[in-house]
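Given chain A's structure and the hints, the job is docking chain B onto it.
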Amino acid sequence: MSGFPALVHRIVEGGSVLKAQVSAQSRKDIVAWVGSHVLPHEAAVRAWLRRWTGRAQDIDDVIQEAYSRLASLDSVAHIGSGRAYLFQTSRNIVLEQVRRSKIIRIDNVTDIGALSIVDEAPPLDRVVAGARELQRVEQLIDQLPLKCRRVFVLRRIHGVSQREIAGMFGISESAVEKLAMRGLKLILKAMEGDNTAKELEEDIDEHSRDRTRSR
Amino acid sequence: MSTQETAREVADQAAEWATRIDAGAIDPHTNQSLQRWLEEDSRHRGALLRAEAALSFLDRGRALAGVVPKPARRPIWIRRKLLFAGLGLAAGIAGVAILMTAPHRYDTRVGEIRQVPLSDGSIVAINTQSAVEVAMHPDVREVTLTRGEAWFKVAHDKKRPFIVSAGRIRVRAVGTAFSVRRHDDGVDVQVTEGVVETWTVGEEARRVRVAAGSKAYVAEYEAPKAIQASADIERSLAWREGQIALEGETLDEAVAQFNRYNARKLVISDSLLAEEKLVGQFRATEPMTFAEAVATTLGASVTQEGDTIRLSRAARH
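Taken in order, these protein sequences are the chains called A and B. Residue numbers for the first sequence, in this note's numbering: 1 to 215. Residue numbers for the second sequence, in this note's numbering: 216 to 532.
Excised from the complex, chain A in its bound form (with noise of 0.2 angstroms):
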């Protein structure tokens, strides 16, 4: 009787058994799993949200709460869906907040409490999926001002090493490094809603001018 895996099982709501593995996953799988399966949600989140509150402040907190949640996770694995995950944190997450607070903003609560609507995207054959997905990272990285495309194109889609951009571009490798964050942050900023390549611009041009507005 002593021969049986180490299973935890875990009741949740409804009644139905979840099995899941004691053993932590690697973190690079965790990575890979919110990559996929959070991130391209969070636009859709962060709208749901804007319901909520036009302080585009509050949202971030939320959301930058959301992920610290995720990142004290062991496992990602008894998750079902990283899209109702997200919206379901972030609605506990205002909950929380809004309880806090003295006088309570409640009209919109309507929508957050109404989860059940949200809960899943409209379900895609994994093709259509696939495709909006591939446009997605396609539409990102287009975005990037030429310098910082050409980096992430090479590192991103063909797997060229800082270093040997580097060398093709005759910079330096810090260079190239600074050139990716710049590209990361442009994109981790996209990923929040549907900016259009325009605001980036501005967004860009806001850092290079040095806070000298024009306009």
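Possibly wrong hints are sitting among the right ones.
Lysine to aspartate or glutamate pairs mimicking EDC-like chemistry, simulated, CA-CA at most 20 angstroms apart [as the list claims (entries may be wrong)]: (1) Lys189(A) - Glu96(A); (2) Lys178(A) - Asp227(B); (3) Lys28(A) - Asp242(B); (4) Lys368(B) - Asp322(B); (5) Lys189(A) - Asp237(B); (6) Lys480(B) - Glu327(B); (7) Lys189(A) - Asp274(B).
For the record, the hints were derived by calculation from the structure and aren't laboratory data. All of these numbers come straight from a predicted model, not from anything done at the bench.
Relative to the frame of chain A, chain B by itself:
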């Protein structure tokens, strides 16, 4: 809070670390300055996860490229649905455009809010449980508020003053927007545009002018008193859109407002709960939606017994 990094700053720092890790420039497990950064703030770990996840997401581009075709156009049925929605809207507008010309009485039931365009181009919005009579004469536009509350958007016509009677109280406008609400012993006059004059019958000499952004309470048997400027007017007229707007009212006060509009009455069975202050905007005729929002936010529970919706403090879970 002011010394704390913003989400954006944290995200930017995380992007820098993620880039270094990705390039193999540092070992995430042994690099001490990375470990220090991660321990500085509980948010840093989440931000780094997100930044690394973004790189991983972009790498999927490599995996997906050439494997999948471009997405097809949006299916036709969605466009059809939009078209039908458009037709419905057009029909609704046509219904509103039918103008009333003859002297007429308008009654609203509990929860009913009516917008009535008048033959002179004015508009009357009639709140719940109210009655308004309208008579258009060549020299005067006479409106009688027999009960309840109404808001008037008066078409400009200098030759035909627009006079609202509410018991012994009169409110006169030329081209203006204002509301009149009857109480047992007087009326509230709130002005949203232009100026009105108000007086009590028999006290015509003691008229009071109320300008946009102000309100006055006029008692049946006294000359009109204090005119107060009020930032609240638009909000207190949210009923015209069928809404109740709350701006720090207690749950108790909010419930009283909802009960004006609905046969299904809200009841609070916890005095502490009743004191909670709320901000928000709701459809006046959906007390259940409101009750559910209260339940979600305040951790209360909702029970229904016949025409009563009861809000009570739920056992904390």
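Here's how the hints hold up against the structure:
1. Proximity of Lys189(A) to Glu96(A) is assessed by CA-CA distance (about 26 angstroms); at most 20 angstroms being required, the pair is judged violated.
2. Between Lys178(A) and Asp227(B) the CA atoms are separated by roughly 12 angstroms; this keeps the pair inside 20 angstroms, and the hint holds.
3. About 13 angstroms separates the Cα atoms of Lys28(A) and Asp242(B), which keeps this hinted pair within 20 angstroms; it holds.
4. Taking the CA atoms of Lys368(B) and Asp322(B), the gap is about 18 angstroms. The hint holds against a cut of 20 angstroms.
5. Distance hint between Lys189(A) and Asp237(B) is fulfilled; the C-alpha atoms sit about 19 angstroms from each other, no more than 20 angstroms.
6. Restraint check for Lys480(B) and Glu327(B): the C-alpha separation of about 15 angstroms stays at or below 20 angstroms, so the hint holds.
7. The suggested pairing of Lys189(A) with Asp274(B) holds, with an alpha-carbon distance near 17 angstroms, which does not exceed 20 angstroms.
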